[in-house]
Structure formats: structure tokens, C-alpha cells
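**Q** What follows is the residue order along each chain.
There are 2 protein chains.
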Amino acid sequence: MEARRRFLGVTTALAGALAGCSGGNTQQAAADADTEPSLLGKVPSDYGNRSPHEKSKRTYADSKTPQAGSSRTPLQDSYGIITPNSLHFERHHAGVPEIDPAKHTLLVHGMVDRPLVLSVADIKRLPSVSKVYFVECSGNSGGEWSGKGAPDAQRSHGLASCSEWTGVPLSLILSEAGIRKDARWLLAEGADACKMARSIPVEKAVGDTLVAYAQNGEAIRPEQGYPLRLIVPGWEGNINVKWLHRIHAAEEPFYTKDETSKYTDLMADGKARIFTFDMDAKSVITAPSGGQKIAGKGFQEITGLAWSGRGRIEKVEVTTDGGKTWTAAQLQEPRFPRAFTRFRMPWTWDGSEASLACRATDESGYVQPPRQVLVEARGLNSNYHCNAIKFWKVQADGSVTNVEA
Amino acid sequence: MEARRRFLGVTTALAGALAGCSGGNTQQAAADADTEPSLLGKVPSDYGNRSPHEKSKRTYADSKTPQAGSSRTPLQDSYGIITPNSLHFERHHAGVPEIDPAKHTLLVHGMVDRPLVLSVADIKRLPSVSKVYFVECSGNSGGEWSGKGAPDAQRSHGLASCSEWTGVPLSLILSEAGIRKDARWLLAEGADACKMARSIPVEKAVGDTLVAYAQNGEAIRPEQGYPLRLIVPGWEGNINVKWLHRIHAAEEPFYTKDETSKYTDLMADGKARIFTFDMDAKSVITAPSGGQKIAGKGFQEITGLAWSGRGRIEKVEVTTDGGKTWTAAQLQEPRFPRAFTRFRMPWTWDGSEASLACRATDESGYVQPPRQVLVEARGLNSNYHCNAIKFWKVQADGSVTNVEA
Numbered sequence: 067m068e069a070r071r072r073f074l075g076v077t078t079a080l081a082g083a084l085a086g087c088s089g090g091n092t093q094q095a096a097a098d099a100d101t102e103p104s105l106l107g108k109v110p111s112d113y114g115n116r117s118p119h120e121k122s123k124r125t126y127a128d129s130k131t132p133q134a135g136s137s138r139t140p141l142q143d144s145y146g147i148i149t150p151n152s153l154h155f156e157r158h159h160a161g162v163p164e165i166d167p168a169k170h171t172l173l174v175h176g177m178v179d180r181p182l183v184l185s186v187a188d189i190k191r192l193p194s195v196s197k198v199y200f201v202e203c204s205g206n207s208g209g210e211w212s213g214k215g216a217p218d219a220q221r222s223h224g225l226a227s228c229s230e231w232t233g234v235p236l237s238l239i240l241s242e243a244g245i246r247k248d249a250r251w252l253l254a255e256g257a258d259a260c261k262m263a264r265s266i267p268v269e270k271a272v273g274d275t276l277v278a279y280a281q282n283g284e285a286i287r288p289e290q291g292y293p294l295r296l297i298v299p300g301w302e303g304n305i306n307v308k309w310l311h312r313i314h315a316a317e318e319p320f321y322t323k324d325e326t327s328k329y330t331d332l333m334a335d336g337k338a339r340i341f342t343f344d345m346d347a348k349s350v351i352t353a354p355s356g357g358q359k360i361a362g363k364g365f366q367e368i369t370g371l372a373w374s375g376r377g378r379i380e381k382v383e384v385t386t387d388g389g390k391t392w393t394a395a396q397l398q399e400p401r402f403p404r405a406f407t408r409f410r411m412p413w414t415w416d417g418s419e420a421s422l423a424c425r426a427t428d429e430s431g432y433v434q435p436p437r438q439v440l441v442e443a444r445g446l447n448s449n450y451h452c453n454a455i456k457f458w459k460v461q462a463d464g465s466v467t468n469v470e471a
Numbered sequence: 067m068e069a070r071r072r073f074l075g076v077t078t079a080l081a082g083a084l085a086g087c088s089g090g091n092t093q094q095a096a097a098d099a100d101t102e103p104s105l106l107g108k109v110p111s112d113y114g115n116r117s118p119h120e121k122s123k124r125t126y127a128d129s130k131t132p133q134a135g136s137s138r139t140p141l142q143d144s145y146g147i148i149t150p151n152s153l154h155f156e157r158h159h160a161g162v163p164e165i166d167p168a169k170h171t172l173l174v175h176g177m178v179d180r181p182l183v184l185s186v187a188d189i190k191r192l193p194s195v196s197k198v199y200f201v202e203c204s205g206n207s208g209g210e211w212s213g214k215g216a217p218d219a220q221r222s223h224g225l226a227s228c229s230e231w232t233g234v235p236l237s238l239i240l241s242e243a244g245i246r247k248d249a250r251w252l253l254a255e256g257a258d259a260c261k262m263a264r265s266i267p268v269e270k271a272v273g274d275t276l277v278a279y280a281q282n283g284e285a286i287r288p289e290q291g292y293p294l295r296l297i298v299p300g301w302e303g304n305i306n307v308k309w310l311h312r313i314h315a316a317e318e319p320f321y322t323k324d325e326t327s328k329y330t331d332l333m334a335d336g337k338a339r340i341f342t343f344d345m346d347a348k349s350v351i352t353a354p355s356g357g358q359k360i361a362g363k364g365f366q367e368i369t370g371l372a373w374s375g376r377g378r379i380e381k382v383e384v385t386t387d388g389g390k391t392w393t394a395a396q397l398q399e400p401r402f403p404r405a406f407t408r409f410r411m412p413w414t415w416d417g418s419e420a421s422l423a424c425r426a427t428d429e430s431g432y433v434q435p436p437r438q439v440l441v442e443a444r445g446l447n448s449n450y451h452c453n454a455i456k457f458w459k460v461q462a463d464g465s466v467t468n469v470e471a
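Going down the list, the protein sequences come from chains F and C.
Position one of the first sequence corresponds to residue 67 (the working numbering), numbered consecutively onward.
Position one of the second sequence corresponds to residue 67 (the working numbering), numbered consecutively onward.
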């Protein structure tokens, strides 16, 4: 009932917006509709492509070592909560390996009673589940620490994407391998050239972790770990090990190069935090957002994405006056834990400058902080785990720009 | 807790299957993992593609008039409930028109107080929603009426797909246009060369119907109606009018060529049913299914898809003995109304012949019928709305084939 009242309330505001936008020459439009060309269109195809009018793409920085690089999802062009596989962000440490799934195996060994070598076909026979989860690079929004921030949602927040993943619970494979009671950590290792590897506590591994082979209804894409990826819901992206080929059970963490030389958080006092697994609650307005332009005064829905590695998003508040007042946005249901949640708020733009932002609260009660709170707590040495509130400024001409925080 | 018990129960059965499949030479596998090539892989890209090892594609029949044709989703290769946009089924009446979204408009006229012409940009400013819905051609499984049936899930059930659609509730647009109280029907017309058009009761139009512009996180694909498609949840696919450019409100239905010359159901007595909107409850096993082969004895998950135009799927039962006994399958949660629901059942194949099938029950209490019940009720004159139970036969060599019903 609340949603219905909101829509009806909005409708009143729409009248002006639509009259202004549409021109309203309906007789001409009807005549046009009757005289449109009647050429037969294209025939069915075996694998479709998007319209040539759609130009949205992943962006990446120039680099002398592009294999150790990343590309970003164009969140400003996103709808709903699913990220198209072709636009899912990338972060590689040694490029995308070319893997023949018929030759790929997963080795499970170490402190297990029955070491296993599983083919991809073996894994696909096992009991499976499908779950919607985000994956976010812990370096996402790292540029926001400086306070200058990125000019659009892609460059500020585009190292995060969300998919329906299908695979086998890791708990099942570990149970089958007979993991020993004194095993406390796993190594998960990829088959890329650098053998990217991370240590994972067994408690998480037997919780919601999946050995996934499919993403949004098809095989996982090469750049997302084809043919097997570990999905560790809500944890740093790099722990969701791609091209997964080995799991080693042990008593202690492995302190791999990938969790000592990087992915630690250097504090102001010179000490570094290690194993900061969870991605905290975060949100960003995707429309209207940096680089976009509002066509004119009137009704303009504000929408964006929120997510938390600690569970469900419980609330997203939106401000249009630079943080003086905040209003709860509508959350698209159902809200999956550790997945993108789409939020929306009706807004009528009066043509004057406005400062927009959103802040998320998750089911643990954690509230997304302003940048200054993060800087005070952690200093400026590390770029990881920046989940600060992001502001966009609407200029009087309707263009939207970044705001220094 | 039930799911957990089931997995644990399965695990016992897995022991044999995995030992048989994996060979278990873990020392060799560990040595292989240490000596794999270490070449740098591919660099990030702006729009990704699937692995060249993935060959799944839409299929279509040869035709002298391919613009009035269809292509089918490879459901046997599906995972979860989302259909990749590139593999969403097609059914066109005059091919896929090439439309510039900057020039495309939606005209709303007829029995309305304020006729409207909306641009795509206008529509994207309005309050939006995202919902997961299936779309199914009413001719899907038409070949099953004969009793011979198709040899694989793609050719038997592949005119059905499921997406997260984003758009504006049609109720909002109709309210804005001031639809008159005595308007009872709408015409929804596409901008394709044949101006495919259907009549829709206002009651449904102001219910859950959407004017959608996005599908699975990106703009709707050209073959799915770019830039605007009417989504009429649970109703015949053709009513989900693609390339939507005109809505006309009236007192009576329009009896267009598309709802008189086709999409009526000719009964045995020569009378035809018209406006048979709802797609009834239906299901199909996607793995193991026709054309696939089970690699060997042992654990083999049975999985498939169920859906109903009348709401949520409440139950899917699976038989492995040709219908003598039926067991409730596990349903992937959450179950969205009028969307695909993924079902799964643990099964251990003993190497002998088996006859597999599934039957769905929806929240209205309706149970998917055997083919003979449909034939007795409706005769053999019409190919539309076939939702019969589909059987697959597992041969002793593990190959899976169609069963004549």
C-alpha cells in the first residue's frame, strides 16, 4: 500500500513533466505510426547481439602490464540488479587464461581423508544451487579516498557487479573429501599464470561458499573464471578465486603473495590489517549520476544500487540537499543477502542546483559512513575497502558532476 | 533443515560416483598443477564474449519466410532461472526492425482524457520497477500434441525464456493519460512491418503489465523489442508486444489479424477459443534430457524448470519410473510468480533404463496434465497451449532420448 500511495503521489508531479517532454502532438504521432516504413526486418539468429545504438562498455586504464589490470562495469547504465556478463567488471593478476574445460580439474587435498580430483563434468553431476550475489574488488572506489573522487559511477564504483551464480556448495565437496576436524584454513588457487591464491577460513568455506560453473544462465565467462570459480559471498573479490583448480586444507593460513604484498590495509600508524574479508555496506546513485544530464525540469526518478557483504540491505536513504535531510528510498524486493539491491526515489527537479547522495544500512545495523569517518579511522595509506558516501552535483543546466568530499 | 538433510543424504551416495569418476590420482594432479604453463593470458576488454568452448545456440527451422519465424532457447544447457539475452527465444511476424531509440515514441490515445506521446527518454525518467518474468510463445511445445514429441528440451520447450525486466508500470502511464472509466480494452501495437497488435483487457493492463526498456541489466535486445516492449506477465508471448509504439484505449477488443487468423485455439467441434491469455503450469527436465548422455552409474542430479502464468509454482514432482511413483523435488527459492522456478532432485543412476518426467503444480492448485488429458479436452486441431508432461528415456548406455506419449 505504501508503494501504491507513492506512485499515486508521483503521478500528480508527472503531469507537468510529461506535458513538457512529450510535446503532445498525438495526431501527428498517430499519422506517423500509420505511415512508418514496412520493410521486413532481420531474421532469427543463433546468438544475439545488442543494438548498435547501445554503446555502454567496460573501461580500463592504459597500462604497460594490462594483464595485471582491471575493467569497470558501466553502473550508470545499469537496470535492476543483474549485471550483463559481457559487462561484468574484471580484475586480473596475470590475464585471462585459455582453458579447455574437458582438461580442467579441481584438486582437493591437504588435511582431508580422501583427496579428490574432480573434472568439470563430475562437478556438474552434483547437487547444485543458484544464488544472486555481488562480487566487488576490495580496491573498488579506492580513488575516492583522496577526496577528489571519480567523475562517474563507472570509475567510482564500477569494480562491483552482480550475477545469478550456479554451482555446488563447497561444503559438499569438503564433506566428500573428508576434511579433518583440525583443518582450519583452505588455500584456494587459480590456474592463471600467477597462480593467484587466497587463504579462507573453513568456517566460511563450509558456510555459503560455492564452486560455481555458471553465471546468469550460461557457463561462467572466461574473464570471470571459466570453467570454475569460487564464490565466497560478500567477501573481497579476489577471494572469489577464478579458474579454480586447487583447494588445500591446512591448520594455518598460507600467507600467499596475494594476501601479504597486496590486499592488506596499511593503517596510519604503519601497522597493516590482514584478512579484512568482508565488504562493508555501500551504495551509489546510478541515475542521475556523474556524466549524465537531466533533460529538463520535472519528475526524475533517482535510482541506484546498494549492497553489503554482511547480509541484506535494510535501508537506503537519499538526500537531494547535500546531506541536510535524508529520505528513505523504496527498495526493490526481494532483497537478497550479499547481492545488489536496487533502490528508487521519486524526485521532481525544480531546475536549481542540487547535491545528491545515498547511504545504505545493512541488517547488521551498520550504516555507510562519510569519507571523513573512514579517513579518521584508517588514514590515507590504503586504497582498499572504501565505502564512503558518494555525492553527485546537479548543475542548473541539468548536467551531473562529481563533488569533492 | 530439510535441504541440509537432503544434501547429507546425497553425500553418502556421492562417494561411489566421485571415486568412480575422478580416478583419484591426486599426486599426479598436484604435480600437474605445479607445472602448468605460465603464459600471461588475455587482457581486459570492453565487452566480453563467452568461451569458444561453449557452443550452445538458438536453433531455428529452415524457411522461405524466415522473417515470420522463431528460434529456440537451449534449455538443456540452462542454469538457474535467468536466460542469457543472447539466447532468449525469438518469434517474429515480420523480422526484427532496426529502430533508433532517439526517434522512437509511444503514443497513448483513444478513450483517454490526455493523449500522450512519450519518448524513450521520457519513459526512463518515470518511476520504474524490476521483476523476473518468463515469456513463453503460446505455440511452445506445439509439436508435442502429436504424441511423437521433440528429441530435446530446446525443440520441445525452447520457446520459453526468463529475464529480469525493468520498466514503468503501464498503470502509471494510463493514469497519466487519464484513461476513461468506460474503456475496457487496449490495443498494443508494435512498430514492426506487420504492425503486430493484440487486444488486452484494461484489468490486466493496470495490474502487473510493464512498459519495459531493459532486460537482465541492459537495454532490451533488438529481437526482444528494442527499445520498448510490453511485458504482460504470464500471458501468451505474442501479447508481450515488441517494439511497442502505440496503445489505443477502447470499449471493445480490436479483433486484429493477430488474434483471429492465429493465436486462437480450434477445438474438435470446429469452434475456436479466442483470448486464451494465460499460459498454464508447465515444466521440463533440462538435465539429464534428450540428446544428453550420463557418463556412468552413480549420483546424477535431476534438474529442470517449471513455470505458470497463474502465479507461483508450488510443487514439482519427479518420476524416474515412468510415472508409477512421484517424488517432490527441491524448489530453488525465492519462487517468483510468473517466472521460471528451478527444481532439483538427487538421483543415483543404477545403470538400467529409466523413464524420467516432471509435473508442476501452481498456487491456483492446477496440476500439469498428461498429454492424453489435453487431447481429450481440446482435440488435435490446435497446436497452442500444450503444457503436457514430458518424458525422457535414459537408455542403458546413459544416452537420453525422447519418449512417444
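It cannot be assumed that every hint is accurate.
Per label pair, the in silico range of CB-to-CB distance [stated by the list, open to error]:
id, chain 1, residue 1, chain 2, residue 2, range
1, F, 392, C, 94, 32 to 42 Å
2, F, 169, C, 338, 49 to 59 Å
3, C, 338, F, 430, 28 to 38 Å
4, C, 419, F, 250, 46 to 56 Å
5, C, 168, F, 332, 28 to 38 Å
6, C, 121, F, 128, 29 to 39 Å
7, F, 430, C, 318, 17 to 27 Å
8, F, 327, C, 121, 32 to 42 Å
9, F, 94, C, 439, 33 to 43 Å
No farther apart than 27 Å at their CA atoms in a straight line, the calculated lysine-lysine pairs in the DSSO-like style are these [as the list claims (entries may be wrong)]:
id, chain 1, residue 1, chain 2, residue 2
10, F, 323, C, 337
11, F, 323, F, 337
12, C, 123, F, 169
13, C, 108, F, 328
Bear in mind the hints are in silico, worked out from the structure with no lab data behind them.
Since this is a predicted model, take the numbers as computed values, not measurements.
Yeah, the Cβ is synthetic: ideal placement off N, Cα and C, and Gly gets one too.
**Q** Confirm or reject each hint.
**A** Do the hints match the structure? See the list:
| no. | hint | result |
| --- | --- | --- |
| 1 | F:392 to C:94: 32 to 42 Å | violated (60 Å) |
| 2 | F:169 to C:338: 49 to 59 Å | holds (56 Å) |
| 3 | C:338 to F:430: 28 to 38 Å | violated (59 Å) |
| 4 | C:419 to F:250: 46 to 56 Å | holds (47 Å) |
| 5 | C:168 to F:332: 28 to 38 Å | violated (49 Å) |
| 6 | C:121 to F:128: 29 to 39 Å | holds (35 Å) |
| 7 | F:430 to C:318: 17 to 27 Å | violated (56 Å) |
| 8 | F:327 to C:121: 32 to 42 Å | holds (40 Å) |
| 9 | F:94 to C:439: 33 to 43 Å | violated (53 Å) |
| 10 | F:323 to C:337 | violated (75 Å) |
| 11 | F:323 to F:337 | holds (18 Å) |
| 12 | C:123 to F:169 | holds (23 Å) |
| 13 | C:108 to F:328 | holds (22 Å) |
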